[in-house]
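Number of protein chains: 6
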Amino acid sequence: MRHGIAWGHMDRRYWGGEEGGEMSEETIEEFQEERERLNEVVMRYAGLSMKRFYGLDGQVYRDGALPASIKELLGLVSSFVLRCDDCVKYHVVRCHEEGVTSEELEEALAVGLVVGGSITIPHLRRALDAWSELDGSGKGGGTEAE
Amino acid sequence: MRHGIAWGHMDRRYWGGEEGGEMSEETIEEFQEERERLNEVVMRYAGLSMKRFYGLDGQVYRDGALPASIKELLGLVSSFVLRCDDCVKYHVVRCHEEGVTSEELEEALAVGLVVGGSITIPHLRRALDAWSELDGSGKGGGTEAE
Amino acid sequence: MRHGIAWGHMDRRYWGGEEGGEMSEETIEEFQEERERLNEVVMRYAGLSMKRFYGLDGQVYRDGALPASIKELLGLVSSFVLRCDDCVKYHVVRCHEEGVTSEELEEALAVGLVVGGSITIPHLRRALDAWSELDGSGKGGGTEAE
Amino acid sequence: MRHGIAWGHMDRRYWGGEEGGEMSEETIEEFQEERERLNEVVMRYAGLSMKRFYGLDGQVYRDGALPASIKELLGLVSSFVLRCDDCVKYHVVRCHEEGVTSEELEEALAVGLVVGGSITIPHLRRALDAWSELDGSGKGGGTEAE
Amino acid sequence: MRHGIAWGHMDRRYWGGEEGGEMSEETIEEFQEERERLNEVVMRYAGLSMKRFYGLDGQVYRDGALPASIKELLGLVSSFVLRCDDCVKYHVVRCHEEGVTSEELEEALAVGLVVGGSITIPHLRRALDAWSELDGSGKGGGTEAE
Amino acid sequence: MRHGIAWGHMDRRYWGGEEGGEMSEETIEEFQEERERLNEVVMRYAGLSMKRFYGLDGQVYRDGALPASIKELLGLVSSFVLRCDDCVKYHVVRCHEEGVTSEELEEALAVGLVVGGSITIPHLRRALDAWSELDGSGKGGGTEAE
Chain V
233 MRHGIAWGHM
243 DRRYWGGEEG
253 GEMSEETIEE
263 FQEERERLNE
273 VVMRYAGLSM
283 KRFYGLDGQV
293 YRDGALPASI
303 KELLGLVSSF
313 VLRCDDCVKY
323 HVVRCHEEGV
333 TSEELEEALA
343 VGLVVGGSIT
353 IPHLRRALDA
363 WSELDGSGKG
373 GGTEAE
Chain W
233 MRHGIAWGHM
243 DRRYWGGEEG
253 GEMSEETIEE
263 FQEERERLNE
273 VVMRYAGLSM
283 KRFYGLDGQV
293 YRDGALPASI
303 KELLGLVSSF
313 VLRCDDCVKY
323 HVVRCHEEGV
333 TSEELEEALA
343 VGLVVGGSIT
353 IPHLRRALDA
363 WSELDGSGKG
373 GGTEAE
Chain X
233 MRHGIAWGHM
243 DRRYWGGEEG
253 GEMSEETIEE
263 FQEERERLNE
273 VVMRYAGLSM
283 KRFYGLDGQV
293 YRDGALPASI
303 KELLGLVSSF
313 VLRCDDCVKY
323 HVVRCHEEGV
333 TSEELEEALA
343 VGLVVGGSIT
353 IPHLRRALDA
363 WSELDGSGKG
373 GGTEAE
Chain Z
233 MRHGIAWGHM
243 DRRYWGGEEG
253 GEMSEETIEE
263 FQEERERLNE
273 VVMRYAGLSM
283 KRFYGLDGQV
293 YRDGALPASI
303 KELLGLVSSF
313 VLRCDDCVKY
323 HVVRCHEEGV
333 TSEELEEALA
343 VGLVVGGSIT
353 IPHLRRALDA
363 WSELDGSGKG
373 GGTEAE
Chain U
233 MRHGIAWGHM
243 DRRYWGGEEG
253 GEMSEETIEE
263 FQEERERLNE
273 VVMRYAGLSM
283 KRFYGLDGQV
293 YRDGALPASI
303 KELLGLVSSF
313 VLRCDDCVKY
323 HVVRCHEEGV
333 TSEELEEALA
343 VGLVVGGSIT
353 IPHLRRALDA
363 WSELDGSGKG
373 GGTEAE
Chain L
233 MRHGIAWGHM
243 DRRYWGGEEG
253 GEMSEETIEE
263 FQEERERLNE
273 VVMRYAGLSM
283 KRFYGLDGQV
293 YRDGALPASI
303 KELLGLVSSF
313 VLRCDDCVKY
323 HVVRCHEEGV
333 TSEELEEALA
343 VGLVVGGSIT
353 IPHLRRALDA
363 WSELDGSGKG
373 GGTEAE
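Protein chains in written order, with this note's numbering: chain V, 233 to 378; chain W, 233 to 378; chain X, 233 to 378; chain Z, 233 to 378; chain U, 233 to 378; chain L, 233 to 378.
None of these hints come from the bench; they were simulated from the model. Be aware that one or more of the hints could be misleading.
[Said to hold, decoys possible] With a cut-off of at most 25 Å between alpha-carbon atoms, the simulated BS3-like pairs for lysine-lysine come out as follows:
no.	chain 1	residue 1	chain 2	residue 2
1	V	283	U	283
2	L	283	W	283
3	X	283	Z	283
Can you build the whole structure from these sequences, using the hints too?
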């Protein structure tokens with residue numbers, strides 16, 4: 233896997249404002265802004281247990297015996313078979329940052345598809361649509377080869 | 233069950249443009265266009281396993297010892313208890329094409345409701361809302377009897 | 233589908249004591265006895281809502297626009313994709329009583345397998361193992377052709 | 233817990249038109265209107281079993297050995313771990329009506345978060361966002377302390 | 233709710249060796265011993281995140297704005313609708329310790345049954361069977377009134 | 233990761249008859265024999281779709297852009313969050329064969345635990361119990377260090 237890309241640069245590099253206009257659903261940038269806003273709402277109410285859970289949720293994906301990229305793939309496939317679009321989208325972004333390739337992502341999602349069945353297909357569509365946005369090939373568009 | 237209606241005619245017969253305007257959510261036609269666009273995104277990335285899964289997903293609903301109409305009801309109820317709106321909507325359309333009647337659809341969903349519990353009710357609402365669109369009685373509207 | 237077989241005769245016709253001895257897990261007969269015992273425990277505690285739910289659970293599978301056999305297949309596949317072994321076993325028995333054939337059962341479970349994915353395979357094994365017990369071909373045994 | 237607030241007053245007291253304008257997603261009022269419209273669609277098709285289920289669904293949350301407020305918390309947490317946003321939103325509103333406090337709601341959701349895992353976090357965000365709307369502190373906004 | 237019963241006394245008071253003999257499945261005492269043995273296996277492998285999760289899992293059920301008894305009911309119903317027998321059994325025991333009454337438990341499970349559907353019934357049977365063991369009326373036995 | 237161990241040697245190397253006696257539940261060897269027997273039952277009934285699904289289920293875990301060891305970890309964590317004990321046990325064995333280390337397995341399961349919540353803990357116990365059997369440290373036993 234190639235080296236991960238720092239989060240801070242992502243918004244500029246991977247999706248510009250102009251593609252955003254023609255998409256019916258929110259861009260990844262909008263998704264992340266809404267996610268941040270809502271996390272602030274959670275933190276306004278959160279007690280100690282909830283805050284500790286949030287801490288744990290960050291900790292468990294850090295490099296260890298398994299590198300962060302593999303942990304993100306594990307988080308992605310877990311979220312995928314449990315069919316949580318927001319979680320899938322989040323891990324798709326994180327996989328991209330960690331340098332996961334299109335082939336690796338596809339193979340991980342293929343495992344998830346076989347384990348989880350056709351009920352996961354709508355999530356597969358949205359996962360790969362988000363990936364195509366990060367991937368530079370645009371949302372559902374383009375003539376460029378993979 | 234009466235004979236199924238060919239897919240190609242569906243958009244003209246079952247929902248006209250004028251109702252579409254007052255609905256807050258996408259029509260079935262829009263749903264199918266988006267679904268098609270996203271399936272193309274999937275196919276741009278799909279490896280052999282993913283493609284084979286797609287093939288299998290088409291094959292399993294074909295006429296056999298059980299007719300396609302029953303298999304679509306089975307697909308519908310499976311998707312319903314697993315609470316996948318896109319899958320439910322897809323099978324609602326397919327059931328309509330295969331000539332499933334309103335009474336048959338209702339009874340199948342009633343089994344799903346008892347098996348799956350009140351957690352399925354939001355999906356029941358959306359399933360029957362999509363059905364009413366196909367059924368000619370309009371989305372949430374009208375005084376016409378079932 | 234051929235005519236269903238009355239419940240009362242089932243224990244005598246479909247599993248004799250002698251096969252039971254070599255099976256590691258409970259026979260369908262033992263399963264039903266334990267089920268009955270536990271339903272009595274439930275009824276000792278059940279309030280009105282719980283009792284009404286039990287009533288509804290019986291009512292929803294009765295002949296209507298869809299025959300009971302199809303409703304049992306719907307109940308079977310719902311239980312199968314939700315991965316409840318006891319529910320699957322119960323509907324396998326009921327399908328057999330309603331005259332569902334091996335081919336029909338297999339096709340229904342194939343829909344469930346594609347919808348629900350490989351995570352359902354352990355339940356598929358147990359469903360077909362129970363069916364083979366009812367089917368007269370014995371649990372995991374025999375040289376007789378399907 | 234303090235005394236519940238009557239449903240009829242809720243729309244006026246807890247969310248005014250002015251906050252609604254800046255929110256990207258539907259307000260609770262819009263959510264309830266759409267829910268009502270769709271329940272009417274369900275009732276146009278519903279047979280006896282489906283109607284009985286609806287009746288049961290109302291009955292089970294009434295005061296008994298456990299007060300309605302606790303039953304709503306149980307309904308909330310069940311819906312939360314099963315990850316049904318519409319059900320969660322409905323029970324958040326009902327909890328508010330039954331006088332559940334922010335602290336009680338947070339603790340109940342914390343149990344759900346630990347039981348159900350990080351996959352519930354997007355639902356946690358939306359649950360607390362809906363609560364903040366009822367709570368008077370506005371959707372994602374404000375400087376007021378909890 | 234009446235006052236909880238201390239854990240240490242439970243094994244002596246609520247199930248003696250003699251009833252155990254006639255039960256086909258493990259007693260609550262055996263369940264707890266196996267659970268403890270397996271938790272030791274987990275702790276032999278557990279890293280920091282896993283240990284923190286275990287800590288959090290204990291913390292979240294403690295008395296707060298909601299008393300521990302209500303939190304145990306929330307844990308019970310969450311586990312029930314997610315259909316985890318071991319978790320259900322654990323919370324049934326904890327509810328009993330916290331002084332939850334049979335009526336309260338039944339009403340909580342009735343909410344879970346309506347939310348989760350008939351797919352939860354096998355778990356309802358086993359939950360109430362475990363409760364009857366704690367309740368002194370014996371497993372599936374007896375003429376004593378509730 | 234170190235090199236995988238060939239399947240054919242597994243039964244001899246990783247669990248001997250003598251530990252088996254003190255275990256209350258089936259050994260991995262017994263698990264695999266029962267699994268094989270039941271797969272034969274499935275194949276007696278399986279039509280073309282079912283057989284193709286089985287083929288696909290083998291194919292998707294083969295070395296590709298991601299090595300088989302990572303795919304097995306993905307299969308393990310998917311099965312784990314979907315809470316299928318048989319699937320988890322199968323992938324635990326396959327991970328061991330592919331040379332996954334205890335630390336890697338623990339970190340993968342820690343991701344699953346955080347994603348899936350405390351409802352997965354009974355499966356975590358059984359997963360690590362099976363691993364300890366393969367790992368040579370015995371089922372729940374021993375003073376040997378990890």
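Hints and how they fare:
no.: 1; hint: 283/V - 283/U; in the structure: 16 Å, holds
no.: 2; hint: 283/L - 283/W; in the structure: 16 Å, holds
no.: 3; hint: 283/X - 283/Z; in the structure: 16 Å, holds
Checked against the numbered hints given earlier, the structure satisfies every one of them.
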